[in-house]
Each structure stands twice: as C-alpha cells, then as structure tokens.
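Undergrad: Residue numbers (our numbering), protein chains in the order written: chain A, 1 to 92; chain B, 1 to 193; chain C, 1 to 238.
For the record, the hints were derived by calculation from the structure and aren't laboratory data. Keep in mind it's a predicted model, so treat the numbers as computed, not measured. Ideal Cβ positions, reconstructed from N, Cα and C, are used throughout, including at glycine. Errors might be hidden in some of the hints.
As a list, the in silico BS3-like pairs of lysine-lysine whose alpha-carbon atoms are at most 30 Å apart [to be verified]:
no.	chain 1	residue 1	chain 2	residue 2
1	C	LYS11	C	LYS228
2	C	LYS170	C	LYS11
3	C	LYS228	C	LYS86
4	C	LYS86	B	LYS163
5	C	LYS11	B	LYS163
6	C	LYS170	C	LYS86
Which residues of chain B face chain C? A few of them, derived with a C-beta cut under 10 Å, are [what the hints assert, rightly or not]:
no.	residue
7	SER19
8	PHE24
9	GLY27
10	PHE97
11	PHE131
12	TYR133
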Amino acid sequence: MARYVRNPLTITWVLLTAVTLVSWLAARDTGSAHVLNVGVTVVVLAIAAVKSQLVIWYFMEVRHAPNWLRVVVTGWVLTLFAALLGIYLIIP
Amino acid sequence: MTDLLQREAKTRGHIPGESSMWFFVIGDLIIFAGYFLAYMYYRGQDPELFLESQARLNLDIGAANTVVLLTSSLFVALGTSAARSEKTADGVRLIGFALTLGAAFPVLKLFEYVPEVLAGVTPGTNVFFMFYYVMTGLHLCHVMLGLVILSFVIRNLRDPARKNISFVETGATYWHMVDVLWLVLFALLYGMR
Amino acid sequence: MILAPARRRPKLDQWLAFATVPFFFTLFGIVFVPLSGMMPPRSPSSSPPQIVDFMQSDSLLVACAILTLCFGLAPLSNAVYLIQIKRMSVSPVFRYSLMVGSMSGAIVGMLFPMFCFGLGAFRTGYDPSVLAMLYDFGYLAYIGSLGCFCVMWLAFGLAIILDTNSVLPKWLGYYTVWQYVTELMAAPVWIATSGPFAWNGLMTFWFAMMIYVPWQIIVYVCIHRSIKNQPDDELENA
C-alpha cells in the first residue's frame, strides 16, 4: 500500500488536485458578472500549462522517454500556451 | 523507494506502449491545439459575449470533472506501474477503480448539459456555446472511447494468456492525453476571463 | 487457341483502378475549385441575387457537365480500398461498413449536390427562392452528409489498427480516425450560417481540409505500396 502512497505519482496528484481546488475557489468568488481580467487569465493559463506538463511528465512517463519525445511534447505545451496568451493579449 | 528508482532508471529512453499511439497522441494534441487557438481568436472578436456566456456555465461540475479525470489518471498510472512490476492483481484493481471513476465523467456531463439545454442554451445560441458544445462534445467522445480502451486493458490483464504490458501502456497513454486535453478546456472555457 | 495468359500481369485490374484515383480526384478538384467556384464553399448567408448568379453561371454549367460524366469513377476509388481491406485479419463487418458508408456517402454527398447545382445550371426559369433552396440543399448535402463518411472512416481506421496482417501501417489507421473526427466536427454546419462553424468556416471546413488533403495523398501512397507487396498467390483472380 505504501508503495502507492509514497510515490512520485501520488505526490504529483496531490499537487494537481490542490491547485485545481484553489483555482475553483478563486473562480467561484468572482461571482456571476464575469469581467475581462488579464491577471486572472494569465494565472489560469499558467496553472493549466503547469498541470499539463505535470501530467505529461509524470503520468505519461515522458520524463523517461527519449529526448526527441520530451522535446516535442514539452514544445507543444510551451508553444500552445504562449500562443494562447499571445492571441489573448493582442486580439482585439 | 530505491528499487523503484532503480527500475525507473532502467526505463530511461523508453516509449511507453506502441509508438503508433504516440503518433496519434501528438497529432491529436496538435489538432486540438488548432481548435484551442481558433477559440481564443474568435473570443477576441467578441469578448463581452464570451464573458457573459461563460458566466452561465456550471463551474462546479467543470471543476469536479477535472478532479475526476486527474484522479482517474493517477490510478491508471499506478496500475500501469503495478502491472509492470508483475503485481497484476493490484494493476487490475487500480485500473478498475480508474475506470469506475472515469465513468463518472459522462454522468457529470449529463448533469451539466441537460439543465443547460432545458434552459434554452444550445449550440445555436451563440458562437461561444457552439465552441463549448463542439469541443466538450468531441472531448466527451474521446472519454467514452477511453473507457472502452480501459475495459479492454483490464480484460487483457486478467487473462494470463493475453497479458501484454505494451497494451496497458498504450491504453494508459491515451487516457492521460484525454486528461491533458480537459485541463486545457477547463482553463479556456471555465477559468479564463 | 491459346488465350493470352492474364497471369503475366496478375494485378492489372487493381493497378488500372488505382490509376483512376488521381485522375478522378484531380478532375473533381478542378471542377469544384477553379472551374465552378463551388469550393471553397460560398457563404451560407449569401444574398438571393448572388445565389441566382452563381446557380446560373456558365462555369457551374461546365462543372456539372463534367461531374455528370465522371462521377462513376468514385466507386472505383472505394473498390481499391476495399480489396486491400479484404486482406486484413479483421471481421468482414469492417469492409461491409466501409462499402455501405461509401455508397450512401457518394449518393448523398456527390449525387445530391450534382442534382441541385445541375438543376440551377441546366434548367432556366426557376424562382430565386427555389434556387436559394437548391443552393442550401446542395451545400448541406455535400458538407453535411457527415454520417456516411463517419462510418466509412471509422471502419477503415479501426480495420487498419486492429489488423494483424499489417496490410497498411498502423499510424495510417490512426490518421484515418482523425478523418472521422473532422467529419464529426462538420455537424454544426446545419446550425451556423456564418462564422467558424458555418459550412465555409474555419473549424468545420478549413481545418478539415488541412487534415483531409494530406490524408488522401498519403493513403494513395500507402495503397500503392500495399498493392505492390501483395503476394501473387493471394490474389482472387490467381
């Protein structure tokens, strides 16, 4: 049992779940009238990027994968979130 | 803990599961990335519409589904690790639990979609809701397929003749991809302002 | 009287059918894009005079004439796929599903638009509102007939992935599953008349094209290899 609890995977999960709960509570407090908020969006996207990278690195075992795969998948995370943030800030 | 590290060191440079599934995963991530970027672009064309539409989404179910998928992914990962260490019974139990948890996702989605549709919020309501229904709908199809795949993984694990760690890893990889896609969707549809 | 042995060119039937595929698709491409201007799809929210002009244009007339003459080649393309699927270890259900999917897809996705646009092009004197209906019908049948193609691509993709005879490469099976996904993404065209989800939209049309065009070329190359590698004694007319 201990091998499943004291396990890098479980620790990663605790982190992921804690961050999700925090974002949920923060988003709830904003109330029903949603207003444009660059700060919140930057934080939300950054958190999503970190969460995605954690799932990919630990759950999908990409940290043990050959270099080219590590580069491609990490590249996806970075490029996607950078582009999302870029579009958000530039348009309109 | 040290034998775990030793085992992990031996797996360096290892692609979990079949490489054709990784082809699919990377391609699917790229295709969805296209959809995500399109969403962000069209959001920029009418931020007020998107903001007031977002307010009508059920954030609680969205967050619950995020935790459901993250936890299910954890159990799939633990189960894969168990299966690799020849602890097949543990593997079956862990992935079985992941499957049960994963099955909660479509149920929660139902509790989300049905009230919305009954309240008159449909894909035709506006472009935000079209994005919402299309993208979460497509993701839901991925989840359903994932549940089928996990069922086959469990079936194969229970049968000594069919046991194949590569198949377990392949199925696990697919399931984690589904989780990652949801993490982005949650941020774009429910979280951002 | 010695009959010339067909054995010397045993796969001639497959190669002939195979050769018609690029001819058909190229012709299709010319007809739909530069000739008639049907593709990229015109706006679903065009005004009635624009629709009337298009439906009665000379270029549409020529396009429909060519289409009427060559649409019979479509079944040949599908037959080429089917012969290879037959070699796979999977259940016959897959090739029957592909067959029925492609048949219904050709009727709804190609013949119906041909009739609609053909009526506009070959017959004069229709009311503008009738032409507008034919315009909608034609485009919706062409792009909205996703169900048939969903079945086709899912059957083809799954067959390739589950096949243990390695007739076609596994990654092609996964790519074909994306074809199925893009068909699903076309569903909103029934609802949206403008924006990214209309039949000429980014999400429903352009992204689908970006995935479809390379797929069609890649499938062609893979089938070529597959026909070439097929052992002669496996042929049905051996």
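Undergrad: The structure should be examined with respect to each hint, and the outcome stated for every one.
TA: Results of checking the hints against the structure:
{"no.": "1", "hint": "C/LYS11 - C/LYS228", "result": "holds (9 Å)"}
{"no.": "2", "hint": "C/LYS170 - C/LYS11", "result": "holds (24 Å)"}
{"no.": "3", "hint": "C/LYS228 - C/LYS86", "result": "holds (15 Å)"}
{"no.": "4", "hint": "C/LYS86 - B/LYS163", "result": "holds (28 Å)"}
{"no.": "5", "hint": "C/LYS11 - B/LYS163", "result": "violated (40 Å)"}
{"no.": "6", "hint": "C/LYS170 - C/LYS86", "result": "holds (16 Å)"}
{"no.": "7", "hint": "SER19", "result": "holds (8 Å)"}
{"no.": "8", "hint": "PHE24", "result": "holds (4 Å)"}
{"no.": "9", "hint": "GLY27", "result": "holds (7 Å)"}
{"no.": "10", "hint": "PHE97", "result": "violated (27 Å)"}
{"no.": "11", "hint": "PHE131", "result": "holds (8 Å)"}
{"no.": "12", "hint": "TYR133", "result": "holds (8 Å)"}
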